[in-house]
Amino acid sequence: MRKELEYPFDGEYILKKAKSLRRKLLEDGSVRLKKKIAVLGGSTTHDIIKILDLFLLNQGIEASFYESEFGQFWEDAVFGNEELNAFKPDLVFIHTGIRNIRQFPVLGESSRQVEELLENQYQYFVTAWEKITEHFSCPIIQNNFEYPFYRLLGNQDCADIHGRTSFVTRLNEKFYGYAREHDNFYINDINYQAAAFGLDAWSDPFYWHMYKYTLCLPAIPWLAHNVANIIKSIYGKNKKSLVLDLDNTLWGGIVGDDGVENLEIGPETSMGQVFAEFQGYVKSLKDLGVMLNVASKNEEENAIAGLNHPDGILRPEDFILIKANWEPKSRNILQIASQMNILPDSLVFADDNPAEREIVKQQAEGVTVPEIGKPEQYIRILDHGGYFEMTNYSEDDRKRNEMYKANIQREAQQASFADYHEYLLSLQMKGIIKPFEPMYMARIAQLTNKSNQFNLTTKRFTQAQIEQTAADENFLTLYGKLEDKFGDNGVVSVVIGRQEKNRLHLELWLMSCRVLKRDMEFAMMDTVIAHCKKRGIEEVIGYYYPTAKNAMVKDFYALLGFEKTEEKEDGSTVWKFVIPENYENKNKAIKVEM
Amino acid sequence: MSKEEVFERLNEVFRDVFDDESIVVNETTTSADIEDWDSLEHINLLAAVEQEFGMKFSMGQVVTMKNVGEMADIILSQTKEG
Numbered sequence: 000m001r002k003e004l005e006y007p008f009d010g011e012y013i014l015k016k017a018k019s020l021r022r023k024l025l026e027d028g029s030v031r032l033k034k035k036i037a038v039l040g041g042s043t044t045h046d047i048i049k050i051l052d053l054f055l056l057n058q059g060i061e062a063s064f065y066e067s068e069f070g071q072f073w074e075d076a077v078f079g080n081e082e083l084n085a086f087k088p089d090l091v092f093i094h095t096g097i098r099n100i101r102q103f104p105v106l107g108e109s110s111r112q113v114e115e116l117l118e119n120q121y122q123y124f125v126t127a128w129e130k131i132t133e134h135f136s137c138p139i140i141q142n143n144f145e146y147p148f149y150r151l152l153g154n155q156d157c158a159d160i161h162g163r164t165s166f167v168t169r170l171n172e173k174f175y176g177y178a179r180e181h182d183n184f185y186i187n188d189i190n191y192q193a194a195a196f197g198l199d200a201w202s203d204p205f206y207w208h209m210y211k212y213t214l215c216l217p218a219i220p221w222l223a224h225n226v227a228n229i230i231k232s233i234y235g236k237n238k239k240s241l242v243l244d245l246d247n248t249l250w251g252g253i254v255g256d257d258g259v260e261n262l263e264i265g266p267e268t269s270m271g272q273v274f275a276e277f278q279g280y281v282k283s284l285k286d287l288g289v290m291l292n293v294a295s296k297n298e299e300e301n302a303i304a305g306l307n308h309p310d311g312i313l314r315p316e317d318f319i320l321i322k323a324n325w326e327p328k329s330r331n332i333l334q335i336a337s338q339m340n341i342l343p344d345s346l347v348f349a350d351d352n353p354a355e356r357e358i359v360k361q362q363a364e365g366v367t368v369p370e371i372g373k374p375e376q377y378i379r380i381l382d383h384g385g386y387f388e389m390t391n392y393s394e395d396d397r398k399r400n401e402m403y404k405a406n407i408q409r410e411a412q413q414a415s416f417a418d419y420h421e422y423l424l425s426l427q428m429k430g431i432i433k434p435f436e437p438m439y440m441a442r443i444a445q446l447t448n449k450s451n452q453f454n455l456t457t458k459r460f461t462q463a464q465i466e467q468t469a470a471d472e473n474f475l476t477l478y479g480k481l482e483d484k485f486g487d488n489g490v491v492s493v494v495i496g497r498q499e500k501n502r503l504h505l506e507l508w509l510m511s512c513r514v515l516k517r518d519m520e521f522a523m524m525d526t527v528i529a530h531c532k533k534r535g536i537e538e539v540i541g542y543y544y545p546t547a548k549n550a551m552v553k554d555f556y557a558l559l560g561f562e563k564t565e566e567k568e569d570g571s572t573v574w575k576f577v578i579p580e581n582y583e584n585k586n587k588a589i590k591v592e593m
Numbered sequence: 000m001s002k003e004e005v006f007e008r009l010n011e012v013f014r015d016v017f018d019d020e021s022i023v024v025n026e027t028t029t030s031a032d033i034e035d036w037d038s039l040e041h042i043n044l045l046a047a048v049e050q051e052f053g054m055k056f057s058m059g060q061v062v063t064m065k066n067v068g069e070m071a072d073i074i075l076s077q078t079k080e081g
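Order-wise, the sequence lines are chains A and B. Numbering that gives the first Met the number 0 numbers the first residue of the first sequence as 0 and each following residue consecutively. Numbering that gives the first Met the number 0 numbers the first residue of the second sequence as 0 and each following residue consecutively.
Hints in this document: simulated from the structure, not taken from any laboratory. Among the hints, erroneous ones may be present.
Unchecked claim - List time: in silico EDC-like cross-link candidates among lysine to aspartate or glutamate, alpha-carbon distance up to 16 Å:
#1 A:K23 to B:E49
#2 A:K211 to B:E40
#3 A:K16 to B:D72
#4 A:K49 to A:E11
#5 A:K49 to B:E40
#6 A:K553 to A:E568
#7 A:K548 to A:D569
#8 A:K33 to B:D18
#9 A:K516 to A:E568
#10 A:K587 to A:E421
#11 A:K18 to B:D72
#12 A:K2 to B:E51
#13 A:K16 to B:E11
#14 A:K590 to A:D487
#15 A:K433 to A:E568
#16 A:K285 to A:D382
#17 B:K55 to B:D72
#18 A:K567 to B:D19
#19 A:K49 to B:D18
#20 A:K49 to B:D35
#21 A:K18 to B:E34
#22 A:K33 to B:E11
#23 A:K23 to B:D19
#24 A:K16 to B:E20
#25 A:K575 to A:E537
As the list claims (entries may be wrong) - Output of the computed footprint for chain B on chain A, the stretches with three or more beta carbons under 8 Å from beta carbons of chain B:
#26 16–28
#27 201–209
#28 462–476
Ideal Cβ positions, reconstructed from N, Cα and C, are used throughout, including at glycine.
Could you put the whole structure together from the sequences, leaning on the hints where they help?
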């Protein structure tokens, strides 16, 4: 991640240096997800695409773009055109603004007339969204509307039904209703962005009349940053965990020197209030599914005492791992990543001390370390950074902290068993392995985009594609859920096979690393075979495509008893399994419901 | 600020925006002289110039500006007053 492209960024610098930033990003040798993005604009979009490209590259996504002709967003969406059809977008971003509202109420119109006008404007957009869904069944990102830059009716413009401010507010509410009812449809909230940027500057008419931009040039990085955050979230590239320092980050003062009773936290002082508000914010992040950890230079005992401060909001049990010791923080942070089985690049580290931040940046590669500023700025900087941008909120997100904590407990229990199989039995595991079901589509899509390590083909799917595959009889789809006495792990494994007569081609096989070595992969195999028998399939073909991250499953199919039939120069391999008449189940630890 | 200084600083801005260290601009430089300088890049260029000199071009100025020399004149006239 490049610092120049992280909030708080210097937008003018990004605009000026766009070309060299792009060159440097492409030269850094990282492996990126390739996506095709159609930008359908109601205004000029040239620099928006240019800057969006940078933010996406920074998030690990290499996009190619289709750009509609000037102002042709609706025509492109509704009638399509050859170029767009051939481009086959993975995602459509509709960049429109208040200049694209074709008609506003006029004074004297009845409330029914205004209502009709509103519905009319709304339907104009709905038609575009429906056509896009029909043609491309891909995610859509749609701007809402910014407020008008003048108010004919003064302060009552927002209340009077004839006011443009009122009209925009009501139209926006209709857009939100559509977003609530449709998966794969996301609002880009330019109304909020313009407010945060400053509406007068954002909608400076100079840029419309001069260049047909609906927002001022310096605001483009803001817009692009937000759109990139939504896109990276859709493709499962959100950060997963926030690692926090303690002294002067979660409370004022140094617990080891000052003593718990002298810490600034809680309602007594202004600074105490600031830290309490920040703790409250962090606690809400946990409820969203962000996993919390601590990396602090402290005696553990003091750290725990600080977290038990009666006026604090966070408690020791809100954290999965509390690393309070005198080791370098970079080492603690890398340990946190490995103990949780996640990659360092899914961690965000918050520390008030610039020197500590610098060490972590240099020594713990991949970890994001925002310049969080002063205590009263912590929330804004973490929030506007968009690290945990929410698009699909699944049941799993809500429970994630509990699940990872249960994992740590399991490890403790494992240490007390001499025999691994006995340990597995002691977990009393129950699995559900079934064809994709509607309630899990969001989670399944999320997994296909997030899983990098235990992933044989690394094929990515949007929710719409998952739904299509599930409905297609030629495909065998299976999700696996795993529960044990410490808790429910949720959906952790996904397999997609394509049937070709008596053969099954395994196009996708992935598993969440949090259930490694639990026999879940065997349970999945057993279920695949059971379904194959029902479908009259005799041979199963497996594929392994190497990436920078999936070396751990290089010989996975050998472990399952497949035979290698092909090995290509790029390291990819093909495997075959002939189903024997008496297939013996490999999983002996999980009770499976099919 | 002398006109030479203005050109020196303009050189830096042009080099940043077009990511080309070899660019040298003078009185008569126009968009025809720099390969990537099209109407879309022009927007960016003007914004970067405004940032460099802490001034703003008006619409009237943007519309009539013919070459880098005129750009430098506008910059000089505006920064003098300020």
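Status of the hints after comparison with the structure:
no. : hint             : verdict
1   : A:K23 to B:E49   : violated (25 Å)
2   : A:K211 to B:E40  : holds (14 Å)
3   : A:K16 to B:D72   : violated (25 Å)
4   : A:K49 to A:E11   : holds (14 Å)
5   : A:K49 to B:E40   : holds (11 Å)
6   : A:K553 to A:E568 : holds (14 Å)
7   : A:K548 to A:D569 : holds (15 Å)
8   : A:K33 to B:D18   : violated (25 Å)
9   : A:K516 to A:E568 : violated (30 Å)
10  : A:K587 to A:E421 : holds (11 Å)
11  : A:K18 to B:D72   : violated (28 Å)
12  : A:K2 to B:E51    : violated (22 Å)
13  : A:K16 to B:E11   : holds (11 Å)
14  : A:K590 to A:D487 : holds (14 Å)
15  : A:K433 to A:E568 : violated (36 Å)
16  : A:K285 to A:D382 : holds (14 Å)
17  : B:K55 to B:D72   : holds (13 Å)
18  : A:K567 to B:D19  : violated (41 Å)
19  : A:K49 to B:D18   : holds (14 Å)
20  : A:K49 to B:D35   : holds (14 Å)
21  : A:K18 to B:E34   : holds (14 Å)
22  : A:K33 to B:E11   : violated (34 Å)
23  : A:K23 to B:D19   : holds (14 Å)
24  : A:K16 to B:E20   : holds (13 Å)
25  : A:K575 to A:E537 : holds (11 Å)
26  : 16–28            : holds (count 5)
27  : 201–209          : holds (count 3)
28  : 462–476          : violated (count 0)
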